[in-house]
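**Q** First to last, the sequence lines map onto chains U and X.
When you line the first sequence up against our numbering, it's residues 17 to 640, in that order.
When you line the second sequence up against our numbering, it's residues 62 to 553, in that order.
No lab work stands behind these hints: they were computed from the structure.
From a predicted model like this one, the values you see are computed outputs, not experimental measurements.
Treat the hints with care, since some could be wrong.
Pair ranges (Cβ atoms, derived) [unchecked claim]:
1) X:K426 with U:E461: 48 to 54 Å
2) X:I420 with U:R566: 30 to 36 Å
3) U:N452 with X:I420: 36 to 42 Å
4) U:I534 with X:Q434: 51 to 57 Å
5) U:V569 with X:Q434: 30 to 36 Å
6) U:Q217 with X:A481: 24 to 30 Å
7) X:A481 with U:S222: 23 to 29 Å
8) X:A481 with U:I474: 45 to 51 Å
The list that follows gives simulated cross-link-like pairs (lysine to aspartate or glutamate, DMTMM-like), each with its CA atoms no further than 25 Å apart [claimed, not checked]:
9) X:K433 with X:E418
10) U:K587 with X:E219
11) X:K426 with U:D174
12) X:K433 with U:E586
13) U:K583 with X:E219
14) X:K169 with X:E501
15) X:K171 with X:E203
16) X:K171 with X:E90
17) U:K582 with X:D364
18) X:K169 with X:E90
19) X:K169 with X:D511
20) X:K426 with X:D364
21) U:K583 with X:D364
22) U:K587 with X:E424
23) X:K169 with X:D427
24) U:K583 with X:D127
25) X:K433 with U:D455
26) X:K426 with U:E586
27) X:K433 with U:D123
28) U:K587 with X:E418
29) U:K582 with X:E424
30) U:K463 with U:E370
31) U:K582 with X:D427
32) U:K463 with U:D372
33) U:K582 with X:E219
34) U:K463 with U:D126
Just so you know, even glycine gets a beta-carbon here, dropped at the ideal spot from N, CA and C.
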Amino acid sequence: MKTLLLLLILFPLGGAAINGVLGRHLPRRVVEIIACTALLCSLSMAATAIIKIGGESFNFVLFEWFRAGDLSVSMSIHFDALAAIMALMVTFVASIIHLYSVAFMRDDPDFVRYFCYLNLFTFSMLVIALADSLIFVYLGWEGVGFCSYALIGFWYGDPVKATAGKKAFIMTRLGDIGFGVAVALLFTWFGTFSITHINPQAATLSAGSATLLTLLILFAAMGKSAQLPLTTWLPDAMAGPTPVSALIHAATMVTAGVYLLMRLFPVIQQSPQGMLVIACVGAVTAFYASLAALAQRDIKRVLAYSTMSQVGYMILAVGAGDIVGGMFHLLSHAFFKALLFLGAGCVIQALSDEHDIFKMGNLHKYLPGVFWLMLVGALCLSAFPTLGGYFSKDRILLSTFIHPGASYKLFWALGMSAAFLTALYTFRMFFIAFPNRPDGRRSSEVKPIPRFMTLILIPLALFALADGLLNLPFGMGKRWLGHFLASVPGAVVDMNATTGMFLGMAILSASLSLLGIILAWFLYGRPKTVKEPNPHPVLSSAFYLDAAYRLLVVRPYQWAATLLWKKIDEKQLDQNLESFGVSFNAASVVMRLWTTGRLSTYLKAFLVGLVGFLALFVGRVTLW
Amino acid sequence: MNTFPMLSAIVFLPLLGALFILILPDRPESGRRTSLAVTLVDLALVVLLLFSNSGTPSGQWLRVEDYAWIPALGIRYTLSLDGLSLMLLLLTTFLGVLSTLISWNQIKEKTRSYYFFLLLTLTGILGVFVATDLFLFYFFWEIQIIPMFFLVGIWGHEARRRTTIKFIIFTMTGSLFMLIALIGLYTVHGRQTGIYTFALSPLMETSLTLDIQGWLYAAFMLAFAIKIPMVPLHTWLPDTHTQAPTAGSVILAGLLLKTGVYGVFRFAAPLFPLAFRTSMPLLMVLGLAALFYASWIALSQTDIKRLIAYSSIGHMGLVVLGLAAFNSITLSGSLLQVINHGVSTSALFILVGILNERIDSREFKDFGGLWKQMPVFSAFFLFFSMASLGLPGLNNFVGEILILIGTYRAHPVFSAIGFAGLLFGVIYVLRMVQDALFGELRGAVSLLRDVNARETLILGTLALGVLFLGLYPRPVLHLFDGPIRLLMETVS
Chain U
17 MKTLLLLLIL FPLGGAAING VLGRHLPRRV VEIIACTALL CSLSMAATAI
67 IKIGGESFNF VLFEWFRAGD LSVSMSIHFD ALAAIMALMV TFVASIIHLY
117 SVAFMRDDPD FVRYFCYLNL FTFSMLVIAL ADSLIFVYLG WEGVGFCSYA
167 LIGFWYGDPV KATAGKKAFI MTRLGDIGFG VAVALLFTWF GTFSITHINP
217 QAATLSAGSA TLLTLLILFA AMGKSAQLPL TTWLPDAMAG PTPVSALIHA
267 ATMVTAGVYL LMRLFPVIQQ SPQGMLVIAC VGAVTAFYAS LAALAQRDIK
317 RVLAYSTMSQ VGYMILAVGA GDIVGGMFHL LSHAFFKALL FLGAGCVIQA
367 LSDEHDIFKM GNLHKYLPGV FWLMLVGALC LSAFPTLGGY FSKDRILLST
417 FIHPGASYKL FWALGMSAAF LTALYTFRMF FIAFPNRPDG RRSSEVKPIP
467 RFMTLILIPL ALFALADGLL NLPFGMGKRW LGHFLASVPG AVVDMNATTG
517 MFLGMAILSA SLSLLGIILA WFLYGRPKTV KEPNPHPVLS SAFYLDAAYR
567 LLVVRPYQWA ATLLWKKIDE KQLDQNLESF GVSFNAASVV MRLWTTGRLS
617 TYLKAFLVGL VGFLALFVGR VTLW
Chain X
62 MNTFPMLSAI VFLPLLGALF ILILPDRPES GRRTSLAVTL VDLALVVLLL
112 FSNSGTPSGQ WLRVEDYAWI PALGIRYTLS LDGLSLMLLL LTTFLGVLST
162 LISWNQIKEK TRSYYFFLLL TLTGILGVFV ATDLFLFYFF WEIQIIPMFF
212 LVGIWGHEAR RRTTIKFIIF TMTGSLFMLI ALIGLYTVHG RQTGIYTFAL
262 SPLMETSLTL DIQGWLYAAF MLAFAIKIPM VPLHTWLPDT HTQAPTAGSV
312 ILAGLLLKTG VYGVFRFAAP LFPLAFRTSM PLLMVLGLAA LFYASWIALS
362 QTDIKRLIAY SSIGHMGLVV LGLAAFNSIT LSGSLLQVIN HGVSTSALFI
412 LVGILNERID SREFKDFGGL WKQMPVFSAF FLFFSMASLG LPGLNNFVGE
462 ILILIGTYRA HPVFSAIGFA GLLFGVIYVL RMVQDALFGE LRGAVSLLRD
512 VNARETLILG TLALGVLFLG LYPRPVLHLF DGPIRLLMET VS
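For reference, chain X alone in the conformation it holds in the complex (with noise of 0.2 Å):
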């Protein structure tokens, strides 16, 4: 097991699948098939790792791989996986399963590029999670986002040109930020130490003036901020999730997204602590903001997918205000909550995707009364939105609540208005069901299918996410012990 390249396997597997994608002939089966194959046996390595690794690791890392790369340039191919590492590989495996499927049948035209896509973004998002190495970072950073540009671009909705090269010019103006302020650092260090680096632990160690650090620290959070995305920089976000397909939206809020938290989580609060220190207050009342702005702006959305991706900044806006708080039960409440939002908010895309299938339309005024004639998805419907609202029980409550008591500690007032900002969206949650689920039958509907046994399978694994997050989290939280008290350590 030791000597097997195990993160590297996971990583590229999908790209493997991607690459053996393009010499099958051009038919839908062969796509779909090789991706639900592919995401499966990569989701079955990811719980093996789960599984081999119950043990309490003594360093920072339970499993490092470690490679020479560009060593003119010291650039090494590093994998490394911690606890939160490991249930985020896990996360995008489980979403890269439900991505296929629920592309199934949605996607009609050239499905062989779409798998293609499918899986390559998948390989780049594998890789941010476990990369060490701030090049080999990079280098994953950009390859999620392509595919990401044409999946939308191609298999979008009726606006997804202009909204794709918008999702394009946001993300990639961070990264380039991100790349200027990675190669500074890289050199502030070489100068200092005569080793030049990117490897992560090596960079901790720079000292760094204020100064410095801060215009370093501002640039990788650019990066991230714009993926989080933190107000005022989300505007691309329900653009892209409006336009997208179904899986474009579930690998968008479910992973995407995320890599921004775990962005922040691993580089710039580790690389520049003084600095993310400093911007604790700002980035606390940036989350709040974005909780409060987003969950009421939610409310006046006539498109469903909107609606949703402002309810998905509002969660975010929390996950923030939980990284800033920072202490243990915050940033426990915090990660813990980018698990639950991948599942429950991609569970929602999922259900607005099945809706879309059967009527043609994303608008509130086109649905209603649906719960007559597909009593299945509707229960489900409700399920979700009860968990987004944060219902106890469900997966959404244990992070906010962490969140919320955690940051009262030191900052009673910001937790106060959190609690209130919950509120808000429940505003919104309740009114997205009422008009999509209740009153009388809209439109020119008159026929619904209820949700067939694919759709079920899917939904209800995701259901069982959801109760299992919501009732048992203990050993989900377990895993980020570990990773939180290095980086207290390191900040402080």
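Just chain U, with the same shape it has in the complex (with noise of 0.2 Å):
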């Protein structure tokens, strides 16, 4: 098992070391094949070790990192459900997009860094997932922070691009310090950084230690999953390539934190007050998120705030204490949104890097591969009964209204509203962007894309179908996913609600999903010239939270940089130290003459010297 998972993580850094040392000598196929390799390995890799771990956990050291007097650092594994369920869907998405990309970036010349940075990427992602020692955690936190600001300024050229990274990194870099703070935390009171020994002890916290970590854990999630208020990092993230839209800010990355915090549940389940905040993050993102997405334009900004609302749900599902929910849509969500992320990237490609949905329609008619794909995310995204997102987002939804507390009741209904928005969000998105109509694209503005763009894209379609399979509330197979993770700390397998309550809640999240999809249809679905949209500011700018950002904390750090510079350092400290020094200087009239003569007479005055000393040495040490 040991060898197992080390070359399920090493195989990617293998990828990305090869290529970054020898990629620019390579051949473009070469890069590829080294690229995709070492992710289907690592895929095998995770899929042998989901079959043998059969209700077990495994941990190991793979090394010492550091120590220092009692504190010591290792390299460490702990391999439970929740790790080989995360490690699995990491590696899979990550190959599907690895072979996408081949196609994707064709024409790109710098594929040798992209290659290198998201094969460096599936790494750390999988270090999240398997690590044990919370330090290594965070190695693979920030490895994965630095990829995505890499990768988001991929096309440096363009100074958007390459500020959109840097806000990113800044963002969520700034949710670290909950990071840095907690783990300082944990080990200044348990003495160790490892998740299994923190976990088993976190009974003996008291409510407020429980508390307060809960609080700084969530707001090292914040950043990562950009929840509110950190949100503004992820929509501006989408300047990167879109498969790297798909896999950084959709399906791995940003569940990151969403998988931190089940990580830690067992710490996050002794302070109730931590779990009502967590719930509330997520539940007022899921909601806040959704209104803005049905203002967008740009198809990838539609998913973005998508995604934000998509991973509010599953941190409303740990603030719910319902880990095997949250677990649940991170799933399905991995694998619809990688799917529509992809799909939107061959409509980009196909129409020379269009990303506005109203400069779009008639891709029914010739980009029908992608029109059916698309079609298949949309419907597992909107929640339609039956498909994938259906049965995940259902059981979140019903953990929140069983919940104690009547704040849970409020929540649970932000939850539901925003469900209804889902759908209506994404089929305004289809309908103006997919079928065919009068003032839709010509045939001769489509541009041919490689078929493999789309075939690779069949498989995560069908997992996106079926992947309500994977804990159906009834029949054959019931709950698998549940009883496969009923060994991880805090899971929950079966919800304490009558039939009544999972029919009703059934019922009226499917008909809020079909509600929202025939609003849809009447709004914008019917074949017919579609208006430029009235503008929507308050929504389409997220409530303005950006712009409130960059006035209140963007202009005055940097105006504050500048007068402390030019101000207090240069006026103030630098100029009476100096003044000081000049008087210091007038008054030593013989050190002047000195330092303002030739170079020949400083090097005999220091030849001088130095023979003295020397001497002096000397004869000493002959005399002694």
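Mind assembling these two chains? They're in different frames, but the hints should get you there.
**A** Following this line, the structure appears as structure tokens:
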């Protein structure tokens, strides 16, 4: 098992290292083969590992990283059911995206850098999934952050894109302050960084300490998972190549925050107040982001806000104490959102880098393959009854509803409204961009794209359609995922709800989803000329949050930097010290005579001094 | 081995090399080749020392060389080596080699005297790191400064004269106070015991009233605080860095600043433990203040060398925080960070130097879009920038996390503020990367040569160092264990 897991994380690292060092001298095809093979090998390791795990968990130390005093940090692995599922999902989606990228990046001269970062990203993400020591988790955590930064700004020639990368890095690092302090706290209390040692001791935490810890970890998760109020980097992150958006900013990295909360769930469980805050953040973000998604014109920004909103559901699940539901939705979301992004990537490339949905149309005619794939993705995202996203979202809403506390009813209502809005914005996007309409694109405006780009999406689409089977509330293989995750601390397999509640919730959320789709049809669906929309400045700017940050944080920060420099450092400190120095200098006329002489003078003086010193020294030594 | 004065050999080999250069004909090759040979041999000697001392030492020192020098005044020539000194010798000789290599084609005038001064500085710095007779320490402390004065003053950039005088006045002021305090301590000790000596260990036994201890400590600390440099005594550093030639910046950031930290660790704290303990809260506040203040100012710099200089001040602030938080974790972190900063900041200065050779500017407005023309250079630049902002897996992370987690134990608020301070570091580093590498090419830049073999060798070696320190810092930390334990016993 140890070798297996080691290979699982080392394959992508090896791919990145080889391509990073030698890639410039290798032909394109070789670089692509190295990158993709690394991932496929890793995928097969993950698949073998999940078969072999069988309800157990494995802990082992790779090697001791550093030690000082009584602090010791190891690179150690904690492989349990949760990690196994996560690793399999990451390697599967990443493999598909690597293969897709080969076609997507076919004309980009910078493919070496691209595949190198992509491999490195997968490695870091696997470290997050498997690591036991929180410091080792942090290595992955920052690793994905760096790759995200580098890939958002991949086309660095455009300052807007480079800035978007910078913004993502800084905002997620803001959240990491919470991570750092939480780790320091845990170490001070428990003397260890190991998740497997911390979790069993979590019950000894006082309520106050548990709440503090929970809030700190939540803050870290907010940054990484783009939850309110640290949301604004995610829409900008769409500047990166579309496969990157699919992998990093939809399927994997943005769910790392949720995953961290699940890994440390026993700690979080100790704090009902903390969980309330978590649920609140999740529910409000889910609702907020689905409103913002309603008014976007850029297809990738619709999907970005949608990701934010869906991750909000996962956070809500953790807040409602249902990590099985959260993980279930994390998986479904990974499949259908990756599918949607990759489909959008096909569209964007076929339409010569067009992102505006209002300038699309007629894609049913010219890109039929992509049309059907996107329809699958859109149905799953809208939680169309019996498809992937339906069961997982339904479960989260039910957990929230039955969770004790009046506030949770409010969160449930927010979640329900967001579910309706999700169907609405998804099919707004779909109906505007895809069906045939008189003012849509003409065939001359649609460039052919490699068939491979659509073919490779079929497995993803099948998974997205069928992944409800993982945890069906009834029938054969009932709650397979729940039983699989049963050994994970804090996991609840069967919910404490009556059959009536189950049915009620199922019917309610199914009808909301259908209602949303039908409304979208009436508003945008009938084949006609689509009017340019009235701008919804509040919604499309996501309630001016970004502008507010710029006005209240970024500008004052830059302004203060210049002020500190010019007015304090140069005007006050430096001049005062210098005037002191000048008077000192004026007083020592002798020294001045020396320091303005010629080079030869200095050298002579030096030699005299040195010879004197050496003579003295040698003399003494011999005498002694 | 035991009879051969290895430490003296290491310390004085550069001096011999320097003197040898003076008798050679004045051609560029003679200077740089001698310098390279000497620094390489010196590095080899230190590596030899490293492996011959693999066992755990029983006493404080791994190796001592002790001779009478001026017996009338109780001045001895004592060089002692412990784990900390050993690592610093390694860093010094390593950066000595790189400084020679990076100056290879950069220095075109008066090459002979240039390498003379370069090697002379190295002798001074090496001496500082092993001298344990206070007078000898002071001697080396001065030796290291004066050649720097010339390196900046002669081979520096446009405003070198003014800057170098500023540099010398700042540092000399500090060392003057230290000299007075040193003689004061000597006198007090002599009066008490009848034995007049400058040797470190007997002087540590001197019983001082808190009053006197405070004053002497303050005088020592002034010298060290200027060197580290601590806010608000830092203003000489950005100027000096900006004007210094590349190797000057490397030595300044990589080594000279470290002598300040080393001085606190080796002399100020153990000689005046009570005063040191009293000053800890103040030091912590000053350290954190430096982290925020310098990182904040760094963002608004238009000159890339000034930006890195301010980043140094911020990083050293964190080191001071670790020194003052004073437990085995933070001290390990601080000492490790001294080495880390020496490696990664030197790398950044070398990168800027390489850039400066191609584009005759240090201003951000003349850079931009470099990745297109210099991909290998840019990859290195990004790598060392990430090391500088503390990406895990690279060197600075380990030091930073040790300092902050260790600080949390006794001072959770300071630690939390420190974690927040790291974010300030991220902001200016990303700004530097973006303005240098990304965007479109600016200025009249048409065709830039990517790094050549020599430059790749320098950067590659440094990159390996960064990875090693980031992934396997245990041997280094292990070397620090002994010195840290002893200091903690002395101070508490």
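**Q** When you check the alpha-carbon spacing of K426 of chain X and E586 of chain U, does it fall within 25 Å?
**A** holds (21 Å)
**Q** With a cut-off of 25 Å on the C-alpha distance, tell me whether K171 of chain X and E90 of chain X pass.
**A** holds (12 Å)
**Q** With a cut-off of 25 Å on the C-alpha distance, tell me whether K587 of chain U and E219 of chain X pass.
**A** holds (22 Å)
**Q** What's the verdict on K463 of chain U and D126 of chain U, does the C-alpha distance respect the 25 Å limit or exceed it?
**A** Given pair K463 of chain U, D126 of chain U holds - Cα atoms ~22 Å apart, limit 25 Å.
**Q** Are the Cα positions of K169 of chain X and E501 of chain X separated by 25 Å at most?
**A** violated (32 Å)
**Q** Could you tell me whether the CB distance from I534 of chain U to Q434 of chain X stays inside 51 to 57 Å?
**A** Once the Cβ atoms are compared, 56 Å apart, the range 51 to 57 Å for Q434 of chain X and I534 of chain U holds.
**Q** Would the pair K463 of chain U and E370 of chain U pass a check requiring their Cα atoms to be no farther apart than 25 Å?
**A** holds (12 Å)
**Q** Compare the distance between the alpha carbons of K587 of chain U and E424 of chain X with 25 Å, and conclude whether the hinted pair is satisfied.
**A** Judged against 25 Å, a Cα distance of about 21 Å means the pair holds.
**Q** Does the structure keep K169 of chain X and D511 of chain X at a Cα separation of 25 Å or less?
**A** Holds, because 21 Å separates the two Cα atoms, which is no more than 25 Å.
**Q** Given the hint that K433 of chain X pairs with E586 of chain U, test it: the Cα-Cα distance must not exceed 25 Å.
**A** Between K433 of chain X and E586 of chain U the Cα gap is close to 36 Å, so the pair fails against 25 Å, i.e. violated.
**Q** Given the hint of 45 to 51 Å, check if A481 of chain X and I474 of chain U actually sit that far apart at their C-beta atoms.
**A** holds (47 Å)
**Q** Would the hint linking K583 of chain U and D364 of chain X be met if the CA-CA limit is 25 Å?
**A** holds (17 Å)
In the structure shown, a violation is registered for the earlier hints numbered 1, 3, 12, 14, 24, 25 and 28, in ascending order.
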